[in-house]
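A.B. asks: Sequence:
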Amino acid sequence: MHHQGVEIDALVRLEAERMRAGLEEARRRHARALLAAAGRAASGRLRAAEAEAGRALRRNAELEEKARQAGAEYQAWMGVARSHEAVAAGLRATLEQLLQPPRAPAGGCEGGAEDARSCCFEAPAAAADGGDEDGAATSGSKMACRSCGGGEASVLLLPCRHLCLCRACEAAVDACPVCAAAKNGSLHVLFC
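So for the sequence shown, this note's numbering puts the first residue at 1; every next one is plus one.
These are calculated hints, taken from the structure and not from any lab test. Please note that the accuracy of each hint is not assured.
Unchecked claim - What follows is a set of in silico ranges between Cβ atoms, one per label pair, in the way DEER data are often shown:
id, residue 1, residue 2, range
1, Ala26, Gln4, 27 to 35 Å
2, Ser186, Ala70, 35 to 43 Å
3, Ala67, Pro159, 39 to 47 Å
4, Ala175, Gln75, 29 to 37 Å
Owing to the predicted nature of the structure, the values given are computational and were not obtained by experimental measurement. A virtual CB, placed ideally from N, CA and C, is assigned to each residue, including glycine.
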């Protein structure tokens with residue numbers, strides 16, 4: 001009986017050892033499965049974080065490009081504004097010069113100074129010779145267009161400042177008919 005007890009004890013120990021080894025193997029498998037699952041989850045989170053970082057970098061690059069374009073556009077508009085301010089200042093100065101009353105000589109007309117003559121409009125020879133008084137007055141008050149000859153000259157060309165075109169001819173002319181200077185602006189003059 002003692003012999004059977006020893007065999008049973010050995011069998012129980014062997015069975016206990018097998019169970020312990022089986023449990024240990026199951027625990028290892030479970031640990032490996034947990035590590036693999038944790039690795040997959042971490043890998044998925046890492047991929048998601050990398051994708052988010054890539055999207056953030058692309059968005060940042062787009063915003064930097066938009067900021068660069070906005071800065072360039074701002075500089076361009078500032079240049080246009082400065083150019084327009086310079087043109088406006090030039091036109092204002094020209095208009096102020098044109099609106100200033102002519103200065104009379106200190107001694108009046110008595111000093112032997114010659115009367116100024118227009119370089120744009122010459123009086124007809126008959127009027128200059130004292131022919132028709134009404135004709136001279138009319139030609140002095142109404143200056144003919146140097147392009148078509150029919151309309152009243154009421155357009156001042158810039159930069160040469162010749163008053164030599166009617167409103168109808170102003171759009172069709174690119175150069176001054178008096179001095180042939182290129183036209184880069186014009187002012188409509190209203191006579192009182």
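A.B. asks: Confirm or reject each hint.
C.D. replies: For each hint, the structure was consulted:
Checked against the hint of 27 to 35 Å, the pair alanine 26 and glutamine 4 passes, with Cβ atoms roughly 32 Å apart. Against the hinted window of 35 to 43 Å, the Cβ-Cβ separation of serine 186 and alanine 70 comes to about 36 Å, which satisfies the hint. Restraint check, alanine 67 to proline 159: a C-beta distance of roughly 40 Å satisfies the suggested window 39 to 47 Å. The beta-carbon spacing between alanine 175 and glutamine 75, approximately 34 Å, falls within the hinted interval of 29 to 37 Å.
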